[in-house]
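Could you put together the complete structure from these sequences and hints?
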Amino acid sequence: MNQPVPKSSAMLTTDSRLNGRRLASGRKNGFFYELIRNRILFLMLLPTLIFFFINSYIPMVGIYYAFTQFDFNTSLFDAKFVGLQNFQFLWQSGTLTKLTLNTVGYNAAFILFGNVIAIVLAILLNELRGRYFKKIAQSVMFLPYFVSFVILSVIVYNIFNYDNGFLNTLLVQIGGERVDVYNQPWVWIFLIILFYLWKNLGYSMVIYLAAITGISDEYYEAAKMDGANIFQRIWYITVPMLKSTFVVLLLFALGSIMKGQFDLFYQLIGNNGVLYNTTDILDTYVYRSLKVTFDVGMASAAGVYQSLFGFILIMTVNYIIRKLNDEYALF
Amino acid sequence: MAIKEDVYTRIFQILSYAIIIIASIACLLPFLLIISASLTSNESIIRDGYHFIPQEFSLEGYRTVFTFPEEVLRAYGVTIFTTVVGTTLGLFLMTMAGYVLARKDFKYRNAFSFYIYFTTLFGGGLVPWYIMLTKYLGLLDTYTVLIFPGLMTPFLIILMKNFIRSSMPEELFESAKIDGAGDFKIYYRIVLPLSTPGIATVGLFLALAYWNDWFSSSLFINDPHKYQLQYYLYNVINSMQFIAQMGAGTGVSLSNDMPTESTKMAMAIVVTGPILLLYPFIQRYFVKGLTIGAVKG
Numbered sequence: 011m012n013q014p015v016p017k018s019s020a021m022l023t024t025d026s027r028l029n030g031r032r033l034a035s036g037r038k039n040g041f042f043y044e045l046i047r048n049r050i051l052f053l054m055l056l057p058t059l060i061f062f063f064i065n066s067y068i069p070m071v072g073i074y075y076a077f078t079q080f081d082f083n084t085s086l087f088d089a090k091f092v093g094l095q096n097f098q099f100l101w102q103s104g105t106l107t108k109l110t111l112n113t114v115g116y117n118a119a120f121i122l123f124g125n126v127i128a129i130v131l132a133i134l135l136n137e138l139r140g141r142y143f144k145k146i147a148q149s150v151m152f153l154p155y156f157v158s159f160v161i162l163s164v165i166v167y168n169i170f171n172y173d174n175g176f177l178n179t180l181l182v183q184i185g186g187e188r189v190d191v192y193n194q195p196w197v198w199i200f201l202i203i204l205f206y207l208w209k210n211l212g213y214s215m216v217i218y219l220a221a222i223t224g225i226s227d228e229y230y231e232a233a234k235m236d237g238a239n240i241f242q243r244i245w246y247i248t249v250p251m252l253k254s255t256f257v258v259l260l261l262f263a264l265g266s267i268m269k270g271q272f273d274l275f276y277q278l279i280g281n282n283g284v285l286y287n288t289t290d291i292l293d294t295y296v297y298r299s300l301k302v303t304f305d306v307g308m309a310s311a312a313g314v315y316q317s318l319f320g321f322i323l324i325m326t327v328n329y330i331i332r333k334l335n336d337e338y339a340l341f
Numbered sequence: 009m010a011i012k013e014d015v016y017t018r019i020f021q022i023l024s025y026a027i028i029i030i031a032s033i034a035c036l037l038p039f040l041l042i043i044s045a046s047l048t049s050n051e052s053i054i055r056d057g058y059h060f061i062p063q064e065f066s067l068e069g070y071r072t073v074f075t076f077p078e079e080v081l082r083a084y085g086v087t088i089f090t091t092v093v094g095t096t097l098g099l100f101l102m103t104m105a106g107y108v109l110a111r112k113d114f115k116y117r118n119a120f121s122f123y124i125y126f127t128t129l130f131g132g133g134l135v136p137w138y139i140m141l142t143k144y145l146g147l148l149d150t151y152t153v154l155i156f157p158g159l160m161t162p163f164l165i166i167l168m169k170n171f172i173r174s175s176m177p178e179e180l181f182e183s184a185k186i187d188g189a190g191d192f193k194i195y196y197r198i199v200l201p202l203s204t205p206g207i208a209t210v211g212l213f214l215a216l217a218y219w220n221d222w223f224s225s226s227l228f229i230n231d232p233h234k235y236q237l238q239y240y241l242y243n244v245i246n247s248m249q250f251i252a253q254m255g256a257g258t259g260v261s262l263s264n265d266m267p268t269e270s271t272k273m274a275m276a277i278v279v280t281g282p283i284l285l286l287y288p289f290i291q292r293y294f295v296k297g298l299t300i301g302a303v304k305g
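If you read the protein sequences in the order shown, they are chains A and B.
Using our numbering, the letters of the first sequence map in sequence onto residues 11 to 341.
Using our numbering, the letters of the second sequence map in sequence onto residues 9 to 305.
Watch out, some of these pointers could steer you wrong.
To be verified - Below are the DSS-like pairs computed for lysine-lysine, each with C-alpha atoms no more than 25 Å apart in a straight line: (1) A/LYS253 <-> B/LYS296; (2) A/LYS144 <-> A/LYS209; (3) A/LYS301 <-> B/LYS234; (4) A/LYS145 <-> A/LYS90; (5) B/LYS296 <-> A/LYS209; (6) A/LYS90 <-> A/LYS301; (7) B/LYS112 <-> B/LYS193; (8) B/LYS115 <-> A/LYS90; (9) B/LYS296 <-> A/LYS145; (10) B/LYS143 <-> A/LYS301; (11) A/LYS108 <-> A/LYS301; (12) A/LYS301 <-> A/LYS269; (13) A/LYS253 <-> A/LYS144; (14) B/LYS185 <-> B/LYS112; (15) A/LYS144 <-> B/LYS296; (16) A/LYS234 <-> A/LYS144; (17) B/LYS234 <-> B/LYS296; (18) B/LYS193 <-> B/LYS115; (19) A/LYS269 <-> A/LYS209; (20) A/LYS209 <-> A/LYS145; (21) A/LYS333 <-> A/LYS253.
These aren't lab readings, by the way, just hints derived from the structure by calculation.
Below, the structure written as structure tokens:
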């Protein structure tokens, strides 16, 4: 935290000059001393600090909404305090358990499949010989990452819609029956995971590919000399070397495990109530409560629950990781 | 020994090629489906369904989209405006923040880094944020609300900071100081010119987020003239579905009179177009920037 400041001659002069001027206070390490000495740097950082203050810190005060009977006309602290009533309603309606299970479940699947498949693809791609082939394959797999979620919903509609979707057209052609996918809640568990992977695999693959490229060739040469075959080289060198990248990505992902991929869920499911049991996550629930059903009290309660639960989760995980291996801890 | 290894390697490589080719095709096919559908006549889609190859080639979908080009062009304009302004402003602020936080002689850099990072751990949630922006800042139906919330993300600031720290040695700043350069001068004369790959990556992330944004419009914009492109598309798709369903309910088929299916797909292509065209050029910067960020871990 407090590393000694490298003393260059230029800094020494500034230091002593300022020291002389501020002999009275004499606190060389105080915040205000720093503020004056590095005022330009502070000034350059200021817009960012203000931005996060407005966009992130002030809304934290609004957590209070979850404990009031919301009224858009009164100001925050004039609203009627109702204690835990909003949470009680949320809990009694049974939605909270369902939302938590869905949110955590989907994210766990995203993290697990997303990382494992990305690692496998990165390793395979790395072993290919043709330079152009490699480049093209990498570009093609990265492409879906660039496409908006609205377009994704068009794609899904194109494939699965009942009347003329690609799937049903195909089924009819081979003499089968049409399937109404939009009425089959369980199918969407797989579809959501599938389309998450379709959109994000290329991105994670590039990160792992970069990590593989960073592994020194000497390891592989030495292993080759010792007679290790390609499977052994991958299992005993590449895979262990990817551990740190994996842990960093895992930690980042865990940090947002209570926040779903809102765009993905909302664009694929929309307001199709038939599918809520298997597809509703905290984010979509809060958004709908705010925009569609205007249930602001429940929405803020769900939001607070989401933030708090996620926060406790990440602190716990970070604590455990710090105990196991300090190097990997986030903070 | 050597022969045995060759056999393994060969099997492995053949397997790799096969899997990578299959994965690549799986990534491309959905695009092919909408491109093909956008070039098919609507009757053909309703009669035969969607195919990979147009059964009955037609440009009517595109023709319908551009019958009333004002609305599409306006949505394009809003998106281009927010993307350009947001990306420029966001980049300026984030490179500055990244530079300050990368300066080792800036004593409170860790505290401020945590101040920024903390917002990813804990937040007030969507509702208080929404109420603050609409009720207290009065940003409903303004262009500001389409730009402001997306300006910076902690992730991109950290990426920028890591990039500056790993590609510019501290001595560089010190020697510039000895030569009499101020902190801001160091930033725009030294840091900015040396961070091109970092700026490209962060800028592309930012631009992509603005270009693909539909959420801000859906929350904060009531005036259809101010819809971003993606939300405009979203609305067109949903309202067409609505019209089609209305027709089905009353027994009157409206869908035959207007090329809804092919228009939807043509619209999707028009919206995605610029990204698909720019993609080959953009992509390598992304890969380069991510590579630098990832190796840092």
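Report the numbers of all earlier hints that the structure fails to satisfy, in ascending order. 4, 8, 17
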